[in-house]
Amino acid sequence: MTVRDKLMSLPLARQLTVDRRGLGRAAKSKGSESFVPRIRDAEMAQSICPYCAVGCGQRVYHRDGEVIQIEGDPDSPISRGRLCPKGAASEQLVNSPLREHRIKYRRPYATEWEDLSLDEAMDMLADRVIAARENGWEHDMEMDGGRAKLNRTLGFAHLGGATLDNEENYLIKKLFTALGAIQIENQARI
Amino acid sequence: MSSAEVTVIETPAWPDTYGSDAKPRVGFFTDTSICIGCKACEVACKEWNGVPATSYEFTGHSYDNTGDLGADTWRHVAFVEQRLPVGGVAEGAPDSFVAEAHRQEVLERSGIEAERDGEGMRWLMASDVCKHCTHAACLEVCPTGSLFRTEFGTVVVQQDICNGCGYCVPACPFGVLDRRDGDGRVWKCTLCYDRLGDELEPACAKACPTKSIQFGEHDELRARAQERVERLRADGLAEARLYGEDPGDGVGGAGAFFLLLDEPEVYGLPPDPVDTTRDLGEMWKAAGLAAGAIAAGVLASFAGGSR
Amino acid sequence: MPSLGTSFGRGGATDFQQDLQNSDCIVIQGSNMAENHPVGFQWVMEAKERGAKLIHVDPRFTRTSAMADLHVPIRAGSDIAFLGGIVNYILENERDFREYVIPYTNAATIVNEDFADTEDLDGLFSGWDSEHGVYDPSTWQYEGMTAKSAAGSRAQGGRSGGGEQSHGAHGAGLSSGQPPSRDPTLEHPRCVYQVLKRHYSRYTPEMVERICGVPREQLIEVAEALCANSGRERTSAFAYAVGWTQHTVGVQYIRTAAIIQLLLGNIGRTGGGILALRGHASIQGSTDIPTLFNLLPGYLPMPDAEAHQTLDDYIEEHRPPAGFWGHTRSYTVSLLKAWFGDAATEENDFCFEHLPRLTGDHSHYATSFEMRDGKVDGYFVMGQNPVVGTANSKLHRLALAELKWMVIRDFSENETAAFWYDSPEIESGERSPETIGTEVFFMPAAAHVEKDGAFTNTQRLLQWHDKAVEPKGDCRSELWFTYHLGRRIREKLAGSEDPKDRPVLDLTWDYPTEGAHGDPDAEAVLKEISGYRLSDGGAVSGYTELTDDGSTACGCWIYSGSYADEVNQAARKKPGQEQNWLALEWAWAWPMNRRILYNRASADPEGRPWSERKKFVWWDEGEGRWTGYDVPDFVATKRPDYVPPEGAEAEEALRGDDPFIMQADGVGWLYVPAGLQDGPLPTHYEPQESPLPNPLYGQQVNPTRQEFPRPENAYNPVDGQPGAGSFPYVMTTYRLTEHHTAGGMSRTVPFLSELQPEMFCEVSPELAAERGLEHGGWATVVTMRQAIEARVMVTERIAPQTIDGQRIHTVGLPYHWGGKGVVKGDSANELLSIVLDPNVHIGEYKAATCDIRPGRRPRGQARLELVDSYRAQAVEGSGPE
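Chains as they are written, first to last, in the numbering used here: chain F, 1347 to 1536; chain A, 17 to 323; chain G, 1437 to 2317.
Simulated from the structure, these hints should not be mistaken for laboratory data.
Only true hints are included.
Going by beta-carbon spacing under 8 Å, a handful of chain G positions derived as facing chain A:
#1 P1474
#2 R1499
#3 A1502
#4 H1507
#5 S2189
#6 E2190
#7 P2193
#8 E2194
#9 V2259
Ideal Cβ placement from N, Cα and C applies to all residues, glycine included.
The following block holds chain F by itself, in its conformation from the complex (with noise of 0.2 Å):
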């Protein structure tokens, strides 16, 4: 580096060359020269608003194990890169501050949650199903002097499902209607 570029490189110097008042270029900070889009260099996947039904489209950046940025995808022909508020917030979503990762358990009558492992829930829930199950049974009914099958259970209801996927949808129909359950409703009814 010469003498004349190492003076060209101390602010003053360029004020005094290209930018005497210092308001454009020689004003440019350390912070501003590396002040680079997060998103730059991180992976995306393309993804569909959780939101309404408009069914906008979404990139979500994420970089290691962690969501950055959720924003429009210009691909999509519905949503032209654009979102609504909602939409634009489902960065915050993710990583919501009131965002639960473990599983909180009450028993009966108590007066406070405490934790349980995923493990256990799973099996404690196969458990229950199947007593709900048995205890709600209907096999069959009279009609007509004889007697009409019936093969459902009413002892567990489910309700859920316009905020999740098709498949996950699909396969709840199909294992609890062969579980013999009935009472299964989603917010389309409400």
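Once you've looked at the hints, dock chains A and G against the given chain F.
Here is chains A and G on its own, set in the frame of chain F:
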């Protein structure tokens, strides 16, 4: 003015201090006639720029609960509820006169009175933002060089420099600059300076569902705005006007300008904003020349020029 | 939606959002599109830019109204009268698109001579059974046809909902194909056209003004705009949302729009249609693949205990003689093969017996009352928040307290998860955690970016989203949860000889898993949904490849083809800018990637475009096939002049100019002879809770509405009942742009919470003056169910109306708040009662009555006392203090 006459408006430090590194001046044209008040701009801005959510209070100002531009609100949507006389009917459709004639005939035939004299509603919505003025007082008064004019002609506060002195706060004729509580520094719209570097659209403009907020090269946006306002006026919206677009105004024209459907005051905008340092400008120029004269002894003349 | 289903054949939006740009006139009613579908609204703005007229009909002046050329303020709950007024205008002035109406609708079909209209019976149709509170619909049939007895008897026996809704969904009620009696001159007094004309003859502009509070000239302006913008050269579109569905006559609201659109020739055409705007990412998908009690995937009905002991019984009832539902057996057998695999054989009816049978209404609200009575042990709540999101919050909390266990899966702890320690009943001392025996499992859910899968959007488009990151901690997808729950249950039951365990043990449940958590492969599930051949496991190309001999498996026949060519068609992401405006290579729409349904109707009977301007799909004589911009919604090679030979079945029994290929008679239904509980034609009834008498008929309310008259669901007294004066105001509930439904995905997000931080009510300056409400202050809103508080927004956007000399005020209530989240507030749903549409069991949330008073609500026990004081008036008959 026809679009052909729109020219590049230079600012005191752009493009010349950047020489060949200067980029086209960019800005926002916010067409409030198609704003649906969704506030996607507010959220997209906050998410991209990490601006905190700070206020959770019902203001009662129509659907506006963020109040005003400030350190924690870089895009702000104003809501103005108005009563106004109902205009004509069946506007817009190409055959509206035919339809209207038929409607009148039906009204007559059925003995129904024509539309009552009455009042209608209007709900104006407008997304405000830092104007990125051509003559930016904030920039002129900043003693630390925190505020600067970027290679895109925009005005940005550099957080690694800002010491929170607050000189810029009263200097801004629009009340945009503001110190953040608990931080002390001044924060405002950067026109997504980081995104511009990678040729990404600013977050607010990208999100805007109806393209009420349009981002682009300043001269091109001005031409578009003029066409738009002319069209709206031709369609009968006599009050349609541009705000901040005129280089002859008190700030030399704004980098972010607006199409309004009423007086600026109605939207909470100053009717005649003035660069508070306009007279100071000459003094600074003199000082600059003096400094240049001193430096000339050290370095050969690299005569650049502030304008 | 059975309304769209009965009218056109399929329960989905007939159009797609981008096509709105081609409309010449758009009526948004029962929807606040700019606020609730802002990004979809860009296509309305595009239409406006091109000169289209935009009309918004709504009780409130909203952000949608602000963009409209015309806002029509209508009294909440009176839309059928308004739309009926448009029908009347069209018919009185003969403005219907006659060349479309005669061949493409049932206008010419002659109706049974025993049919009697509401005009004849003061608001009832013929067949009313006052003892059971239901209709026998047999007299509604076309002349020369008999209604299927099974449907009738089931309607009498109780509302199983299964048959009705699915009948409705595909018009299977006809006992043979082409109707025998038609009068193409439309002069026969009993042809549908004339029946329609008589039915709506009293829906005059003056009557509309009396009922809706809409100035008569505004009705004419809207009607004229629609007429002027329909026909060969022009098309008009309707967009609606839950502002239409959430009424005790909600299905009939949409039916009225269907009548208008058929009369004006706007169905199946570009820029036309009826766009159902759905509020959740996959609410269309959760109906297509239904987590609904009365349906199996693809709108196949759940079997009924009395009527469907065997597969043959079931097919017999649900297979009409013509149209694509003629293949009901193929769809059903392929579903059974998908579920029960090798166990499903011809000999055992393909395990049809494995399916549980319905006997009545098992919908959400009916189940909640069962729960309240202690009859349900367990409850899975997945991505729902019923104590905020559904009517009569308190009833739901009381019901949850009677469960043995509840699983709630969500992102954060919501009001439903917390019901046992944080609720108004805990605050008032009515309940305490120590008295609530419900075991609660709160399980954190994976977000959309943490799983692969597809949402079906409002225009029937299956759009795949890729997993970006792994969910953290115990967060899991519902796919993971359901799969592993099923796996564990099957392991626990393995080897069982109990017949009731047979179905779940026979289930095909061997999805490949992947990743650290053992997530099932969502694409493998999609392939099963789309269908495959059992011979070689290869994906089928679409539903026309499905068979009834057990050689194909298909989990949802309408989604068949979404995995055609072994390609995840829903995951196609060819950029929109590289395609034309239909963007057929972006994702995949059911059925068969068609974007506008019934698009055969975009051409005239001879197959020529109605006009160059509205050219869309047409017959190419040279190629011998239908061609155009979209995938033809028709047999591609069926000539326009095709006439079915004797004995033809299914689609072959439909003519070449029958565009509605799911309907047994191939036409759009102005008049619905079978399939709806509350009549063949939409009729104005007042809401359950209304401040006004019905000026049209002695029959005040939909006679078939579903009521639950129980103490915890008391209805506000109405005109003539003691205490009616205590609830003088109309209330309506709605959403805001800044929040999402019950708040679980918005009140947990700071950026959204600060935009609308507090529960508020909207009232006019006049009402504020009348009740002493102060702008920015507090008000208490009261019904027989509950009292809630809200900040007061005094605004002229919610104008009072003068109806028959009476000043009617409306209180507007957004419903997003609850006791959890970044911002908290009372829930509007606390106020609402449960009273339902008889066809779909959806509640009336858009129109009810209330009182409003200044100040915050009382706390604790005093809150109960306030509500009790109103309840006392309902008995004693004077107003409260």
